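From just these sequences and the hints, can you work out the full model?
First to last, the protein sequences are chains L and C.
Note that this note's numbering gives residue 13 to position 13 of the first sequence, counting from 1, and the numbers run on in steps of one.
Note that this note's numbering gives residue 1279 to position 279 of the second sequence, counting from 1, and the numbers run on in steps of one.
Everything labelled a hint here was simulated from the structure, so no lab data went into it.
Be aware that one or more of the hints could be misleading.
Said to hold, decoys possible - The calculated lysine-lysine pairs, modelled on DSS-like cross-linking and capped at a C-alpha distance of 30 Å, are: (1) C:Lys1277 - L:Lys197; (2) C:Lys1113 - L:Lys120; (3) C:Lys1107 - L:Lys197; (4) C:Lys1335 - C:Lys1113; (5) C:Lys1113 - L:Lys197; (6) L:Lys249 - L:Lys120.
Unchecked claim - Pulled from the structure, derived: some chain C residues nowhere near chain L, Cβ distances all over 10 Å: (7) Gly1035; (8) Glu1058; (9) Pro1104; (10) Thr1123; (11) Phe1279.
Unchecked claim - Among the chain L residues that face chain C by a calculated CB cut under 8 Å, a handful are: (12) Pro161; (13) Phe210; (14) Gly314.
Note that this is a predicted model, so its numbers are computed, not measured.
All C-beta atoms, glycine included, are put in the ideal place defined by N, C-alpha and C.
Here is what each chain is made of, one letter per residue.
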Amino acid sequence: MSSDVQMDETVCLGRHVTPHYQPEQLRLVAGEHELEFEGSDRLLTVLAGLRRPGSARSIAISHAIPADLLTACLNDLNEAGMLVRLSAEIDVGDVDEYLNIFHRNCEIRARESLASDFWKIVLAGEATDTLITGWGIEFYHFVGRSNEYMPLGVAQANLSPSLRLEMARHCVEESNHGQIFLSGLQQLGIPSQAILKSPPLATTDSLVNFLTELATRDTHAYLATFAVMQQYRDRPDIAHFLQFRDGLKDRYPALTPLFEAFHAHSAIDEELDHDVTVFDVVIRADGLPSQQQRRSIATWTRRFSDTFNEFFNGILYSYGSPQSILPRRPLRYEHVA
Amino acid sequence: MTDGVCLLTPALRADVRLGEDISLEVGDWAYEIDGASSRSLATVVAYADGTRSVAELESLAGGAADLQALIHVLQDEQIVRAERTFGSVIGPSDFTRVCRELFPYWKRRIFQKELWTGLSAGTLARQVFVGWVIESYHFIEGANLRLPYAVAFCFEKDARSAFAHHYSEEYDHGQFYLRALDVLGIDQAVAESLPPLAATTAVLNHMRWCARLDPLAYAVCSGFLESTGEDREAGREFLSLLDQHFAADTTVTGPLLEHLQLDEDYGHNGLLEDTCKFFGPLTLDRASAALDAGLRLVETLEYWSDSITTVYGADGQHHLLPDETREALQICAAKVDS
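What follows is the structure, given as structure tokens:
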């Protein structure tokens, strides 16, 4: 299968893509990327409606537009990182091509999270200190509780001992990363005990519990979710992360220790080569998964992406109000007895 | 009463919410605080978490002269408490009594959500009603994901038997919702293929987490869930309103009424007491952790309610729905149109 989008492939637009439709012109925007299309209203309507999966051939027939023209548009969308190649991920017959398409799809899923209202507000410099600090606390919970799902993933892995060892190595390397965020939050003046006792949001619990359950259920799908978490298959150089950190520091200077913690975590992950996911190692060692396994992987990475989006939505909902109290406090019996 | 003794490290109750101006909301009560500065109140709300002394809080409030007096007043109203660090035990019946006092407040929090008020009033789009039936099916059928888990993880023999007995009376209740979905045009094969919303999965996974944490935590959460249906008359009225607002010609909620009656016949509202009596005297920390797990279930159910309204709503984010669910909604709409 070529790397080009084929006429019979099922595809859909990434959910981070926003169509801006005008007569005879369509602008598709995804963060900093934009694509403009000109053509018949019929073609433009079809492109804007690609949130629903379909193949170029079937859409072309039902809308009476040239299939090769539509396929060319889909390839432009693919080049711009706006297209999820749903069926190609299942049907491709080669390990390298599978990993290429899998990771491209995961990068799009990751960008969907970054297109959430939470990130729009944060990156625009419009977040309150409470919202940013709440993000820090919930991220602390998420990273700290990796000690719930990562060890389970290792203990339940249906892999050879040598491949399970790769999982174990990753698990061990991540096991104390919560401390990085705890330290950053302490430097904002929040006592460590208050953070340690604070209950996570329901949407943070949802994310951790999702991974815990998947870790015990499907090793390949569980490992695949890390490709969404890590956002990039080819990690940008350190300058990219420094720029990101410095941008946040400029917008929210009082919260610098938190951004230093985020950056320190990214730097450690780079040093430990965490961009080469264990999933890739397993696939290259064990060979191309069956189509049924690949369907399961695609389903679970999609659901993980939904849950990850909800994680950020929950932070905005709970900490975005002027009346938000943080850190959250656990309910104690003596409070209510 | 506190006898004028100020707590060394005061802690604000976890369920306090800031109100407008200088006021606090605790449960059904709103406290307007005369004579206190907004700065002192803000300091207590932000920092009185049981880890800071009164002197530290005064410093954080910029030396506000009214802070100690404010803490005294809040102590007298039992809104600010001391975190006890020494051991003390709680009898199971005292524990369940406290749960029963909390449950009505937790129920009101959930049923004040737009999902429930909108379904009762008929102000939500029909696809939200259909979405509620779909997600409720997943939730009820999900008893087979959470209850046997709770049985397996409960190592107290008699409490385990109580959970197992409860499971034997719950395991097949998904059928009532399948019958309701069939009336709507979604047959069993389609219903079983529909993926749940992330929020629905979150509720089930929270219950499984509770089962792993402590059977006491599971008992609190399960007891709360059962209590949400204990007012059978209100339940019947709610289902009748759903039929009025959303059913085309045939009753959709007939099977759901049968489910309600069955739970009433089983007497499922006693599960909390039936299990807790076997756990013996409880430490303060164990009791607190279980209550906190219950409060986190409430928050998860609030998230679930909001999610159904948002994702299935007319102006909502249908693109967040799985394709299979969107197709099922179209089948339901087509059935109404025909």
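How the hints compare with the structure:
1. C:Lys1277 - L:Lys197: Status holds; Cα separation ~28 Å.
2. C:Lys1113 - L:Lys120: The given pair, whose Cα atoms are some 26 Å apart, holds under the 30 Å limit.
3. C:Lys1107 - L:Lys197: holds, 25 Å
4. C:Lys1335 - C:Lys1113: Roughly 29 Å between the alpha carbons, so the hint for lysine 1335 of chain C and lysine 1113 of chain C holds.
5. C:Lys1113 - L:Lys197: Distance of about 28 Å is within 30 Å: holds.
6. L:Lys249 - L:Lys120: holds, 16 Å
7. Gly1035: Holds, because the least Cβ-Cβ distance between glycine 1035 of chain C and chain L comes to about 21 Å, which exceeds 10 Å.
8. Glu1058: About 16 Å separates glutamate 1058 of chain C from the closest Cβ of chain L, which puts it past 10 Å; holds.
9. Pro1104: holds, 13 Å
10. Thr1123: holds, 22 Å
11. Phe1279: The claim holds: phenylalanine 1279 of chain C sits with its nearest Cβ about 14 Å from chain L, beyond 10 Å.
12. Pro161: violated, 27 Å
13. Phe210: At 7 Å from the nearest chain C Cβ, phenylalanine 210 of chain L passes the 8 Å test, so the hint holds.
14. Gly314: Constraint on glycine 314 of chain L satisfied, holds at 7 Å.
Comparing the model with each numbered hint stated earlier shows that hint 12 is the single one that does not hold.
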